[in-house]
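Asker: Each chain is listed here by its residues.
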Amino acid sequence: MSKLHVSTTVNGDAVEYLCDPRETLLDCLRDKLNLTGAKEGCGTGDCGACSVTVDGRLVCSCLMLGVEAEGKQIETVEGIADGDVLHPLQQKMIEYAALQCGICTPGILVAAKSLLEKNPNPTEEETRYWLAGNLCRCTGYDKIIRAVMDTAAELREAS
Amino acid sequence: MDYHSPASFAEASALAANATGITRFLAGGTDVLVQLRSELVKPDTLIDIKKINGVHDITRNADGSWTLGVATTGAEMSEHPELGQDWPGVVEAMDLIGSTQVQGRATLTGNLCNGSPAADSVPAMVAAGVTVTVTGPDGTREVAVEDIPTGPGKTSLTKGEVVSAVNIPARGENAGDAYLRFIPRTEMDIAVVGVGVDLRLDGDTIIEARVSLGAVAPTVLLVEDCAKAILGSTLDDATLDALAAAASAACNPIDDKRGTIAFRTEVVGVLAKRAAKIAYARAKGENA
Ligand SMILES: Cc1cc2nc3c(=O)[nH]c(=O)nc-3n(C[C@H](O)[C@H](O)[C@H](O)COP(=O)(O)OP(=O)(O)OC[C@H]3O[C@@H](n4cnc5c(N)ncnc54)[C@H](O)[C@@H]3O)c2cc1C
Ligand code: FES
Ligand code: FES
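Protein chains in written order, with our numbering: chain A, -10 to 148; chain B, 1225 to 1512.
Rather than coming from a laboratory, the hints here were simulated on the basis of the structure.
Some clues are possibly wrong.
[Said to hold, decoys possible] Once the Cα atoms are required to be at most 16 Å apart in a straight line, the calculated EDC-like pairs of lysine to aspartate or glutamate come out as:
1. K1508/B - D1428/B
2. K1266/B - D9/A
3. K1508/B - D1460/B
4. K(-8)/A - D1226/B
5. K1266/B - E12/A
6. K1275/B - E59/A
7. K107/A - E1303/B
8. K1274/B - D44/A
9. K(-8)/A - D1268/B
10. K1275/B - D44/A
11. K1274/B - E59/A
12. K107/A - E1300/B
All chains, full assembly: derive it from the sequences and hints.
Answerer: What follows is the structure, encoded as structure tokens:
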């Protein structure tokens, strides 16, 4: 089977890869670009561990084909920190101990960042609904929600 | 698997008409990729329709009707400033599908053509009188949404036919729609029962009505007897009971782990009443 050539942009960098049309964007990120931040929890759109943004839109990278990334702007968890400087969301997740095993964390970070870009002042209910597609089996969610709400408050003060 | 991304619907149709084996169109992929991965459906040919011009457009036409491109996502529908004012039931039904991530991809057309009897947007579209434009080898035709599904996973689309637009009627005066579903959880679940209602008033009296039921038969149903039960009424209690009875009578549900036949038959009546009340309040211009 012939492989397809894909040119796309990931975290601001132009990248290229060859993929089988069956391979998902998640497979391509992890296996071809060595960006292993996005995780495969379920592979069927249920858990959100594979969350990335495509042209600014939050999606599950397990529900998108690698070939569909052609010409798109992809953002993954690897692009959230500025070099060694953590993003406020990452900082707060640590402060609140909002992670244990960490499998869900990259997806939560990408999803929460996308929420705050759309809505800098979300209510707790809005935050919980926005993150309803990001499952966490460890924390019980409360610390995650508090970390996101507190980051939102801090970013509002800073701006 | 061959992957194609044609630049027009005519080309998409020709690719599908000439393909052998299993063909799927790729809109948001939230059904196609799940089926691919679980090896439920392994397409030989995948035709991505998202590179076709205008497939993300939401257009209000001069006569007040709406044309939606077939790759328009749930998120794009919810974010549109006016669509949800005209058709809150249709927009809310679409918005019930999956998570924020799924909303970023999922489409009305995919929900319809996947052929699930529990597809949330379909009863809302049927109640609203939505049609789809279908492009095939012999040109285009306009088909009512209720005529697309023919059974679980099956549609009336023939080889080489692709849905090329979604057409929502003009809202007009004194009218409102609503969609409600029952799920065992509050988010991320499949409808056990879904009900779409659309109605128009003259003063307090219902003069037009369409009622559609989901997840209670092999396909989404448009139920004439439900419409008859409320036509000419002001939606008083006796009318609501007659509506519920007509909805329960129209059911032909399955028994499964998510809901028994008895449960679905009962709940469809309850939801029909509630959805009718919301549509009625909306038709009166009240916030519901
Ligand atoms: C986590 C998760 C939660 C979900 N929750 C719900 C839910 O609550 N309610 C619900 O109803 N669904 C739900 N779904 C199912 C799915 O998201 C919806 O059915 C969605 O609307 C499908 O749209 P799509 O654009 O992704 O379709 P796709 O997967 O792209 O396509 C689906 C089908 O439609 C056909 N098709 C697509 N476009 C066309 C076209 N233009 N012409 C002809 N045929 C076409 C394809 O060939 C395929 O058979 C969920 C899915 C996931 C992964
Ligand atoms: S791996 Fe994509 S949603 Fe679970
Ligand atoms: S920290 Fe383990 S799944 Fe969330």
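Asker: Please go over all the hints and tell whether each is borne out by the structure.
Answerer: Now the hints, each set against the structure:
1. K1508/B - D1428/B: 8 Å, holds
2. K1266/B - D9/A: Distance of about 14 Å is within 16 Å: holds.
3. K1508/B - D1460/B: Holds, at about 15 Å.
4. K(-8)/A - D1226/B: 10 Å, holds
5. K1266/B - E12/A: 13 Å, holds
6. K1275/B - E59/A: 11 Å, holds
7. K107/A - E1303/B: 11 Å, holds
8. K1274/B - D44/A: 14 Å, holds
9. K(-8)/A - D1268/B: Holds, at about 15 Å.
10. K1275/B - D44/A: Since the Cα atoms of K1275/B and D44/A sit roughly 15 Å apart, the hinted pair holds (cutoff 16 Å).
11. K1274/B - E59/A: 12 Å, holds
12. K107/A - E1300/B: Holds, because 13 Å separates the two Cα atoms, which is no more than 16 Å.
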